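Trainee: Mind docking these for me? Both chains are given alone in their own frames, and the hints should help you get the complex.
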Amino acid sequence: MGLEFLARVRHTSTWLGGVIALVAATYVSPLLGLAFAAGVTWSLVNLQLLERLIVPLTGPARGTPDARRRIGFALLGMLALFAAGAVLLELLSPAALVAGFLLPLAVIAVKALTQALLASPAWRGIVNHRWRAGLAGLALTTATWFALGALTSAGGAPVGRTVVAQSHGGAARGEIHGDETPTEARGNATAEEKGEASESKPQGFANVIGLLTGAFPHATWAHFLEHYEVLVFSLLVALILLVVAHRASRDPQLVPRGLQNGVELVVEGLSSFIISILGPAQGPRFVPFLGTLFIYILAMNLFGLIPFMHSPTASLNVTVALALTVFVYVQFIGFKELGPLGWLDHMLGNPRNLTGWLLAPLMLPIHVLGELAKPISLSCRLFGNIFGEDMLLVAFASLGVTMLPFKHLPFGVPMHALFFPLALLGSVLQALVFTVLSSIYILLMLPHEHHDEHGHEEGAQHAH
Amino acid sequence: MDVHSALSLALPIGIGIAAIGSGIGLGLIGQGAMQAIGRQPEATAKIQLAMIIIAALAEALTIYAFVTMFLLQGKI
Chain A
1 MGLEFLARVR HTSTWLGGVI ALVAATYVSP LLGLAFAAGV TWSLVNLQLL ERLIVPLTGP
61 ARGTPDARRR IGFALLGMLA LFAAGAVLLE LLSPAALVAG FLLPLAVIAV KALTQALLAS
121 PAWRGIVNHR WRAGLAGLAL TTATWFALGA LTSAGGAPVG RTVVAQSHGG AARGEIHGDE
181 TPTEARGNAT AEEKGEASES KPQGFANVIG LLTGAFPHAT WAHFLEHYEV LVFSLLVALI
241 LLVVAHRASR DPQLVPRGLQ NGVELVVEGL SSFIISILGP AQGPRFVPFL GTLFIYILAM
301 NLFGLIPFMH SPTASLNVTV ALALTVFVYV QFIGFKELGP LGWLDHMLGN PRNLTGWLLA
361 PLMLPIHVLG ELAKPISLSC RLFGNIFGED MLLVAFASLG VTMLPFKHLP FGVPMHALFF
421 PLALLGSVLQ ALVFTVLSSI YILLMLPHEH HDEHGHEEGA QHAH
Chain B
1001 MDVHSALSLA LPIGIGIAAI GSGIGLGLIG QGAMQAIGRQ PEATAKIQLA MIIIAALAEA
1061 LTIYAFVTMF LLQGKI
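Going down the list, the protein sequences come from chains A and B.
Per the working numbering, the very first residue in the first sequence carries number 1; after that it's consecutive.
Per the working numbering, the very first residue in the second sequence carries number 1001; after that it's consecutive.
Quick caveat, the hints were computed from the structure, so don't treat them as lab data.
Since this is a predicted model, take the numbers as computed values, not measurements.
All C-beta atoms in this analysis are idealised placements derived from N, C-alpha and C, irrespective of residue type, glycine included.
Wrong hints could be hidden among the right ones.
[Claimed, not checked] Ranges between beta-carbon positions, derived for each pair: (1) 1010/B with 376/A: 21 to 27 Å; (2) 269/A with 1007/B: 43 to 49 Å; (3) 264/A with 1017/B: 46 to 52 Å; (4) 255/A with 1039/B: 38 to 44 Å; (5) 1030/B with 123/A: 57 to 63 Å; (6) 256/A with 1007/B: 53 to 59 Å.
[To be verified] Looking from chain B toward chain A, a few residues come up when the C-beta cut is under 8 Å (computed): (7) 1053; (8) 1056; (9) 1066; (10) 1067.
This is chain B alone, in the form it adopts within the complex (with noise of 0.2 Å):
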């Protein structure tokens, strides 16, 4: 297997493997989001304000992996 196919197999796979764990961490950050405005609805915007915020950190490391996958994509 040289390079080439090796990290156009790869590419793909890490990214897939990066989107399901920012996947369950948006997921749990988002029920925990939910349930605190249903406990507490009067405190929507603050909730919303960390909840977007920790959503983003999240969704972050989906994206370093998709910035990864387009600085390796000119070598396949």
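So here's chain A without its partners, still in its complex pose (with noise of 0.2 Å):
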């Protein structure tokens, strides 16, 4: 017992809160679940201050001015505390608020009674004997699976028509609609017959943005968030992305450590394959691109992951601008290295010779669609991995979600974990080819006569 008893208490109700809040958020209403995240947090900071209060108050430091400094000040804070649970009843539903506040509370009661129960003769006599031990399991089971049909079977929807309800509605939405009531499972269904027939969009997981809109239904600067959904997200990428990229380069030293270190393997590693692809010569200056591309692309991938986040590639309008990219900077390259007339050239398939030249009204078209269909392939291609990949841990996940209808539970079995390395991979792969195909289109633009690799045309013939 004592203060550490309460960090513990700390950290169980910090974890409990944040599970119950997230399912009630999900699962009756955001609002709810912020009321009870609140209430939580205030339990758990009241909590806190009485600590300070009471530490200097009763510790051995008791009576010094430094003590009495820390008591106003956590007096200081309680005032604010109460006002702030004021302007939070007011605000948010007062049950909800109640329910969070009495967790912490609740978990103190019940930890001070397993440790009773853990020191009293009685359970140490039941768990130092085997089949005594194996019992009292089979029974806390047994008694727990009864005890969750009685308390779920009461409000639950007959099971048939929430699982017509999901198939009919897409399903692909890696929520149960199990402990909904008939009405709101008809209302869901007509709700996402709606959505249908106005735009086909695919379900995904939840995002923080979808459940945001969910929250705040009417206010327009969520519809706003909705709307530029996949530019908010890779926004934030690229923002993570930059901050990684000063704290790494903000104080560099000659011995790297810690994340220099690792952001300097990243950069070595991934300049040393691009010198590889492009040679010695033309390769260096490239890389700042390439490599970029390269972080960025994957950083999208693993994105969507992470829970309530969202791939920006999953988006064809991300890909679409990020291979229309390529494709501008790529002519760009070769009108500044070929110039007007040698990029001409280029496309009509350098003739030099009589065949050459009868050749080259066959061969302009011919580039140009080629050049034409690279960004197509390849915003599709990392568009469509992506995209499948989300669709395939989505769709395992709703599996999961449908194989316990019977209990009504709020959860299901996380089928879709096993999908994960599977994504991991995926995702890797495709930032990996996006990046070796623009530097091989890069290859093909530079003028052929410093190359002196040829191991490598014959891999940039095959990838045209």
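Mentor: Listed below in structure tokens is the structure:
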């Protein structure tokens, strides 16, 4: 017991409160979850301030000016906290706030009970005996099973109806509709029908912006965010990369440590990889562009695997933008390196003799079509892979959810966990493929005389 | 047979056929690359690079079918 006990209570309450608030926000209403989280936070801050107040009052340093200052601060904090509590009671649902407030107290009670139980001789008598412990575990499991059945059968909808609603509504939300009442299920189905009629947007996992829009359905900024959802997430990724790069290069050391070391490893690996494709003479100029492309795409691909986040590359808009950037850059490089006449010569298939000139009118449309096909294939490949990955995860998550419909539990079997390694592999591979193909398009545009490594020429020809 | 049932029959079958094709292609690419690496282990990096590029191109065909499926899925 003591301060260490309080710290453990804080820890448990934070986790438990977070999970319960998320479940409430997803299955009941976002505002209710917010109110519950606010209640838990309020209660935890209250406990912390009480601890701050009691330690200087009763500890060994009582009576000193330092302790008096601490007591003053704690009292001021209490006043501010109570004012905040009054405001919260006005704004949010009081029942959820009180429930959140009571959670840490319940955790304290359960923890104290557990400690008392663990110390009692009856418990030791059960635990130290193999058969008695097994029997007790079995009895506990059975009792929990029946208790859950009794608790959930009261408010649950008929199973067949929810399954029909789910299969009708596209199902791929990664959520269960099991604990809804029939009217809610019907309303949901009609809402989804309407959504399908107006816009056939495939549904993925719930993300932050979707939850915000659900919480504030009438706010204009929420609709703005929802409309530019992909843009917001890609800018967020860019911001994270910026912060990481800034922190890594803020105070460069000769012998790198920590973050700087990791970033240098990535940069050096990418640099040597790109130079191995483009050759030591031409390569270093293109490392910044291609390396940024790789890191940005990789970060965007992996961003969707974080809960409540969304892969920007699972939208065709982002991948087309990336592919168009590459296209414009490649054409710009061609103009700059070859000159307008040289570029035209390249488009005509470098005619040097009579046969070449005769074939030139045929080669021009082929080359133009080839150049135009590059951005299409780049963007569709990236989009299809990342989107397909996300859809695979969603499909298996909803399968895991529908595996347990008979208990109406608000969670399911994490079936999609099996496909996380696949998604990781695919994310890295697609970022790599995008970068390699971009560098090969650049390689094809560069003057061929300067290029001395013939091994990669073959790869480039295949890629065309 | 109306458009809806035709589409809901044709889309999965189309993806399956595309997947058969690029599956065969990927298998051949992998076989060739593994044999080449086995013969010349010192050229592993170059072979792997070419293998990944060609594998991406072969796989892209299925992805095109997949994207087409998603474009047409709204009409079912």
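Trainee: Now tell me if each hint is right for this structure.
Mentor: Taking the hints in turn, this is what the structure says about them:
In this structure, residue 1010/B and residue 376/A meet the distance hint of 21 to 27 Å, their C-beta atoms being roughly 23 Å apart. Between residue 269/A and residue 1007/B the Cβ separation comes to about 46 Å, which falls inside the hinted range of 43 to 49 Å. Separated by about 47 Å at the C-beta atoms, residue 264/A and residue 1017/B satisfy the suggested range of 46 to 52 Å. For the pair residue 255/A and residue 1039/B, the beta carbons lie near 42 Å from each other, so the given range of 38 to 44 Å is met.
Distance hint check for residue 1030/B and residue 123/A: the Cβ-Cβ separation is about 59 Å, which falls inside the suggested range of 57 to 63 Å. The given range of 53 to 59 Å is respected by residue 256/A and residue 1007/B, whose C-beta atoms sit roughly 57 Å from each other. Of the supplied interface hints, the one on residue 1053/B holds, with its beta-carbon coming within about 5 Å of a beta-carbon of chain A, less than 8 Å. Hint status for residue 1056/B relative to chain A: holds, with the closest Cβ pair at about 4 Å, below 8 Å.
A hinted interface residue such as residue 1066/B counts as satisfied when its beta carbon comes closer than 8 Å to some beta carbon of chain A; here the least separation is about 5 Å, so the hint holds. At a threshold of 8 Å, the smallest CB-CB gap from residue 1067/B to chain A is about 5 Å, leaving the interface hint in force.
The structure is consistent with each of the numbered hints, conforming to all of them.
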